[in-house]
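Listed in order, the protein sequences are those of chains A and B.
Start counting the first sequence at 0; every next residue gets the next number (numbering that gives the first Met the number 0).
Start counting the second sequence at 0; every next residue gets the next number (numbering that gives the first Met the number 0).
Calculated directly from the structure, the hints in this document are not laboratory data.
Be aware that a few hints might be false.
[What the hints assert, rightly or not] Here are a few chain B residues that face chain A, going by a calculated C-beta distance under 7 Å:
id, residue
1, Tyr257
2, Phe292
3, Arg446
4, Asn455
5, Lys468
6, Trp545
7, Glu567
8, Arg568
[Unchecked claim] Lysine-lysine pairs mimicking DSS-like chemistry, simulated, CA-CA at most 27 Å apart:
id, chain 1, residue 1, chain 2, residue 2
9, B, Lys189, A, Lys189
10, B, Lys468, A, Lys308
11, A, Lys189, B, Lys308
12, B, Lys449, A, Lys523
13, A, Lys137, A, Lys395
14, A, Lys579, B, Lys189
15, B, Lys277, A, Lys495
16, B, Lys569, A, Lys468
17, B, Lys449, A, Lys468
18, B, Lys523, A, Lys449
19, A, Lys468, B, Lys135
20, B, Lys135, A, Lys495
21, A, Lys135, B, Lys262
22, A, Lys569, B, Lys137
23, A, Lys495, B, Lys449
24, A, Lys277, B, Lys579
25, A, Lys468, B, Lys137
26, B, Lys579, A, Lys579
27, A, Lys495, B, Lys189
28, B, Lys308, A, Lys495
29, A, Lys45, A, Lys262
30, A, Lys449, B, Lys137
31, B, Lys255, A, Lys569
32, A, Lys137, B, Lys189
33, B, Lys495, A, Lys189
34, B, Lys308, A, Lys569
35, A, Lys308, B, Lys495
36, A, Lys449, B, Lys468
Backbone N, C-alpha and C define an ideal beta-carbon position, used for all residues, glycine too.
2 protein chains.
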Amino acid sequence: MVITDCKIIKTRLNKVRDNMKRRNISVYVVTTEDYHISEYPGDYFKEREFITGFTGSAGTAVISMEEAALFTDGRYYVQAELQIKDTGFHLMRSGLSEVPSISEYCRTLLGKGEVLGFDGKCVAAGFGMELEEAAKSKGASVDMEFDGIESIYTDRPSFPHTDAYYLNEKYSGESIESKLKSVRQIMTEKNCDCHIIASLDDICWLYNIRGNDVWCNPVIMCYSCIFEDKAYIYTDEDRLNGEILEAFHKAGVVVKPYESIYKDVADMRDRRILIDNKRVNVKLLKLSLLNEFCQVVQAENPEVILKSKKNPVEISNLTDLHVDDGVALTKFMCWLKKAVKSGEYVTEVTAAEYLDNLRSNISDYIELSFDTISAYNENGAQLHYHATKDNCAVLKPEGMLLVDSGGQYLRGTTDVTRTISLGPVSDDMIRHYTLTLKGMLNLAGARFLKGCTGFNLDVLARAPLWNEKIDYRCGTGHGIGYLLNVHEGSNGFRWKHNPGHNDLSVFEPGMVTSDEPGVYIEGKYGIRIENEILCVEDETNEYGTWLQFEFLTLAPFDMELIDVSLLERKDIEQLNNYNKMVYEKLSPYMNQEELAYLKANTATINI
Amino acid sequence: MVITDCKIIKTRLNKVRDNMKRRNISVYVVTTEDYHISEYPGDYFKEREFITGFTGSAGTAVISMEEAALFTDGRYYVQAELQIKDTGFHLMRSGLSEVPSISEYCRTLLGKGEVLGFDGKCVAAGFGMELEEAAKSKGASVDMEFDGIESIYTDRPSFPHTDAYYLNEKYSGESIESKLKSVRQIMTEKNCDCHIIASLDDICWLYNIRGNDVWCNPVIMCYSCIFEDKAYIYTDEDRLNGEILEAFHKAGVVVKPYESIYKDVADMRDRRILIDNKRVNVKLLKLSLLNEFCQVVQAENPEVILKSKKNPVEISNLTDLHVDDGVALTKFMCWLKKAVKSGEYVTEVTAAEYLDNLRSNISDYIELSFDTISAYNENGAQLHYHATKDNCAVLKPEGMLLVDSGGQYLRGTTDVTRTISLGPVSDDMIRHYTLTLKGMLNLAGARFLKGCTGFNLDVLARAPLWNEKIDYRCGTGHGIGYLLNVHEGSNGFRWKHNPGHNDLSVFEPGMVTSDEPGVYIEGKYGIRIENEILCVEDETNEYGTWLQFEFLTLAPFDMELIDVSLLERKDIEQLNNYNKMVYEKLSPYMNQEELAYLKANTATINI
């Protein structure tokens with residue numbers, strides 16, 4: 000863990016306060032977001048880290064002349080406490096009942112006539128509106144154009160600026176024109192003649208481009224405005240190659256300078272603007288709302304649902320890809336078991352490297368879809384565990400390694416978890432592994448009517464664990480992009496209803512979702528089994544349209560961790576079918592040793 | 000089916016139009032509701048039937064000088080068409096895409112400056128507000144005090160006026176004082192110092208009284224206002240006996256004339272009023288909203304959730320009652336099978352009468368909780384089938400009879416369905432019966448975390464049927480009152496989400512819910528298996544508080560309809576456990592023949 004000298008932080012804090020005074024700002028909020036409210040903001044957007052010294056992925060700083068607070072959640076209490084010690088910042092443990100929300104806290108700091116400042120481009124629309132409300136309620140105002148750190152941020156990493164590449168129809172399966180047509184159709188249904196987009200994956204999907212601006216997310220920094228007869232993409236033209244520009248030209252897409260969208264939105268006239276307040280920064284939303292010549296319709300980006308339904312070309316590519324991805328994972332598991340059992344020196348990190356290397360040799364590999372999680376025994380119980388070279392466990396020939404990994408390829412994105420026994424395991428481990436597997440199979444085997452959401456189906460994965468009074472404190476699964484974000488809306492599996500946040504859409508054919516129940520026993524071990532499942536249409540009869548799932552992921556489970564006596568007949572039938580498919584598809588690529596491993600772990604279980 | 004002479008209806012319609020003219024009403028809406036928006040309004044409230052001739056339980060008439068329309072839903076298209084033939088009314092088939100909503104239809108009839116009239120006491124608040132919106136949007140106004148039928152309604156049944164009786168704590172399990180305390184606590188939490196109630200079951204629960212004003216619902220017509228230091232019940236005092244008045248006096252409950260609530264609400268000063276817009280007529284809601292001295296907080300009646308959580312005395316009574324209720328049902332099934340097989344003349348109606356008679360002999364029996372549904376073979380496929388003496392099937396020694404029935408007792412309310420084979424049955428019948436049973440058991444056997452609603456769990460009952468692409472077009476279950484309405488909120492099982500209508504509350508210990516999946520094959524047969532299940536608390540561990548269900552209903556299933564080969568091991572274990580309990584609890588009350596029947600149908604199945 001990096002600890003920045005507390006004197007350095009104090010100096011920076013003083014300079015920030017000088018900047019605040021110069022602009023008459025009483026309270027300054029520094030967020031972790033990028034301009035596009037991406038899940039993984041790039042290094043350029045580390046103002047909050049720069050000013051606090053805290054390096055975690057989630058946190059917000061609130062600075063006044065007297066106070067300096069860092070808000071972060073339960074994952075980071077310990078780390079943040081250490082990193083901000085003696086810096087002048089004090090920790091606000093978000094989630095504890097006695098800790099106010101950030102906007103409530105700002106409210107208490109603000110006086111009448113004072114100004115709350117932040118950089119509206121780095122603040123999510125909902126949170127920005129909340130801050131504005133808080134300020135107003137105290138008779139204070141808001142300055143959304145204040146960046147008190149920029150001028151003092153020395154050695155700031157450069158703004159992301161990678162080359163984009165074009166995803167031709169062999170991979171994307173649909174032309175830009177066709178996608179624009181679908182988007183415009185939804186715009187028309189909503190009676191809108193303009194649609195502003197800021198979410199990078201939505202834009203890159205729409206224009207069939209990819210890049211490398213955000214870690215593990217193959218996107219480029221851009222905005223877009225779509226009208227009935229034209230479309231603008233706001234990005235630096237020098238990163239677009241001839242193939243892209245030609246495709247854009249054909250589809251009536253015009254390239255404009257990245258930052259010019261703000262002026263364009265302010266200058267817009269007589270438009271009904273469709274904008275997604277969950278996928279845009281507050282500056283862009285406010286510019287739209289304050290434009291007195293335009294009306295704003297706040298609704299989910301049409302691209303969200305459109306891109307979640309993978310088209311036949313994408314599905315065919317994914318089906319093909321999962322053979323290669325599964326071969327890599329299977330070879331890895333075979334090697335791992337043998338290496339650890341034979342006493343080879345393997346750590347969580349070198350194990351992950353071995354797997355990452357196998358993936359990187361797949362023909363159309365681009366990058367990982369997220370940092371491989373390799374967590375041995377008790378480390379597996381931490382949902383956000385990240386091993387580093389300096390701080391990782393050495394694998395012993397006992398217990399289990401949890402490996403959650405995936406790659407980005409031209410043929411799509413993968414995400415798979417296997418928990419692997421390395422030697423003797425406890426009865427509890429076997430029992431919990433088997434129940435997790437039952438849950439995973441139970442959900443994947445569901446047949447259901449169109450209209451169902453992940454709220455309806457989630458319990459199918461949990462039931463075998465709930466029956467033993469065990470739960471996992473997270474959703475059961477998330478949507479997955481196509482050579483895009485590994486976490487993608489709007490499909491998913493969850494059981495908890497948050498009023499106002501029931502944003503899981505109904506399942507539709509083509510949606511790809513992860514199915515990943517688990518058991519996490521603190522201080523002991525973690526088990527997760529994750530397969531990707533594809534929603535497919537069965538028939539329509541008098542009751543409606545029937546849907547079901549098909550497995551995309553191809554990789555054996557660990558037979559040494561399965562207690563067959565806990566399986567019902569239908570579990571065994573389902574498992575045998577899956578194993579047969581895995582063996583048939585993967586066996587051609589295995590050497591003799593791997594084949595023996597694959598055979599043993601996909602053997603038919605007698606009912 | 001009663002057909003009123005169309006000339007009579009035409010004459011009534013003319014008189015109504017005269018009344019409308021006199022009061023300057025352009026459009027008149029006549030509903031089916033009583034003043035309390037009860038599920039089963041009494042005969043007094045049959046103005047819509049009087050004016051249209053249509054006798055169905057759901058429908059709304061809209062009358063203008065030129066038009067007369069009757070809106071009703073799919074259950075009644077055929078019946079309504081016949082009953083309103085040549086009356087001047089035309090049918091509006093609600094639910095068909097080309098048919099406008101009632102308020103949309105009113106909008107088209109209204110002109111600027113015109114008046115839409117209805118009796119606000121017989122119109123649900125939500126619908127009334129919608130009508131007002133529709134009128135306003137055309138520059139028309141609303142007269143909520145217009146009843147154009149009252150003056151011409153000869154031979155009107157008298158207003159419900161049965162004697163009330165007191166439910167002492169041996170049955171109610173909680174004093175009025177204690178219930179008022181809980182209600183006032185919720186009022187305080189919502190920062191309210193007044194709470195207006197119009198829903199009869201909520202009021203009767205609160206004041207531990209019952210009556211017989213509404214068919215199958217043991218309630219009396221009343222309203223209530225609760226304040227911090229006193230409580231008013233608005234009803235005719237002559238129906239309250241000394242025991243009730245004494246209990247009221249002790250609890251600080253004052254009796255006021257039934258109709259005087261309207262004046263009291265209009266005269267109220269400086270109150271924050273808690274009112275449930277889903278459980279009140281529009282007149283009462285508007286009086287509250289228009290009272291410029293008061294504020295209104297629209298929220299669910301606190302009584303809804305309080306009464307849904309049955310207290311230990313109620314649970315103990317129910318547990319006891321279900322033995323008697325189950326004995327009656329078991330004796331009935333034993334008799335039925337023998338009678339039909341031996342060639343006795345039994346119809347759907349005489350079968351129901353036999354069962355109703357057995358129930359009526361239970362010591363604390365009061366009335367049925369709904370009209371017994373007795374539906375043979377293809378009649379069972381109609382969800383709302385009602386056999387009458389003149390029109391009912393004769394039972395043959397083949398196929399199945401579906402019997403859905405229940406009673407009102409001092410010890411509570413019951414609701415149970417069994418589908419009974421009467422002789423040879425088809426393989427499909429056996430298959431569908433077994434899958435229905437699997438679903439019923441699967442849901443009843445759920446263990447789950449506190450926080451779950453019926454949206455999360457519903458799929459457990461449907462999964463075995465969905466797996467075969469069969470669905471039932473209704474919820475899986477509803478809450479059940481205690482000597483109150485057999486359909487009671489706020490618990491239930493459903494899978495379909497209607498935005499803004501996700502009103503299923505989270506399960507809590509003490510809630511009683513029906514678990515009643517089914518298979519309905521049009522023109523062939525219907526299968527439903529319904530048990531009541533009680534939510535009970537298990538332990539609390541690091542994951543949260545675990546809940547599960549216990550069976551209240553005690554009655555054997557039909558072994559001749561079960562294909563054991565379709566059951567998984569866990570189904571068989573659960574079924575054996577249930578059967579053992581049923582046999583133990585019911586066998587002491589059976590004669591030799593009934594005992595043999597019970598034994599055969601609760602026999603242990605070998606795994």
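Results for each hint:
1. Tyr257: This interface hint is violated because 37 Å lies over the 7 Å limit.
2. Phe292: The hint is violated - Phe292 (chain B) has no Cβ within 7 Å of chain A, the shortest such distance being about 26 Å.
3. Arg446: 5 Å, holds
4. Asn455: It holds, given that the least Cβ distance between Asn455 (chain B) and chain A is near 5 Å, below 7 Å.
5. Lys468: Nearest chain A Cβ about 5 Å off; hint holds.
6. Trp545: 5 Å, holds
7. Glu567: Check passed: Cβ of Glu567 (chain B) comes within 4 Å of chain A, closer than 7 Å.
8. Arg568: 6 Å, holds
9. B:Lys189 - A:Lys189: 37 Å, violated
10. B:Lys468 - A:Lys308: Answer holds: Lys468 (chain B) to Lys308 (chain A) is near 23 Å, not above 27 Å.
11. A:Lys189 - B:Lys308: Measuring from Cα to Cα gives roughly 44 Å; hence the hint is violated.
12. B:Lys449 - A:Lys523: 26 Å, holds
13. A:Lys137 - A:Lys395: 59 Å, violated
14. A:Lys579 - B:Lys189: 59 Å, violated
15. B:Lys277 - A:Lys495: 25 Å, holds
16. B:Lys569 - A:Lys468: Answer holds: Lys569 (chain B) to Lys468 (chain A) is near 17 Å, not above 27 Å.
17. B:Lys449 - A:Lys468: 12 Å, holds
18. B:Lys523 - A:Lys449: 26 Å, holds
19. A:Lys468 - B:Lys135: Given that 27 Å is the threshold and the Cα spacing comes to 55 Å, the pair is violated.
20. B:Lys135 - A:Lys495: Violated: Lys135 (chain B) and Lys495 (chain A) sit about 40 Å apart, past 27 Å.
21. A:Lys135 - B:Lys262: 41 Å, violated
22. A:Lys569 - B:Lys137: Measuring from Cα to Cα gives roughly 61 Å; hence the hint is violated.
23. A:Lys495 - B:Lys449: Holds - the C-alpha atoms of Lys449 (chain B) and Lys495 (chain A) are around 10 Å apart, at most 27 Å.
24. A:Lys277 - B:Lys579: Not OK: Lys277 (chain A) and Lys579 (chain B) at ~55 Å, beyond 27 Å, violated.
25. A:Lys468 - B:Lys137: Not satisfied, since the Cα-Cα distance of roughly 58 Å exceeds 27 Å.
26. B:Lys579 - A:Lys579: 41 Å, violated
27. A:Lys495 - B:Lys189: 24 Å, holds
28. B:Lys308 - A:Lys495: Status holds; Cα separation ~21 Å.
29. A:Lys45 - A:Lys262: Satisfied, since the Cα-Cα distance of roughly 26 Å is no more than 27 Å.
30. A:Lys449 - B:Lys137: 38 Å, violated
31. B:Lys255 - A:Lys569: 63 Å, violated
32. A:Lys137 - B:Lys189: 24 Å, holds
33. B:Lys495 - A:Lys189: Given that 27 Å is the threshold and the Cα spacing comes to 24 Å, the pair holds.
34. B:Lys308 - A:Lys569: 37 Å, violated
35. A:Lys308 - B:Lys495: Distance of about 21 Å is within 27 Å: holds.
36. A:Lys449 - B:Lys468: 12 Å, holds
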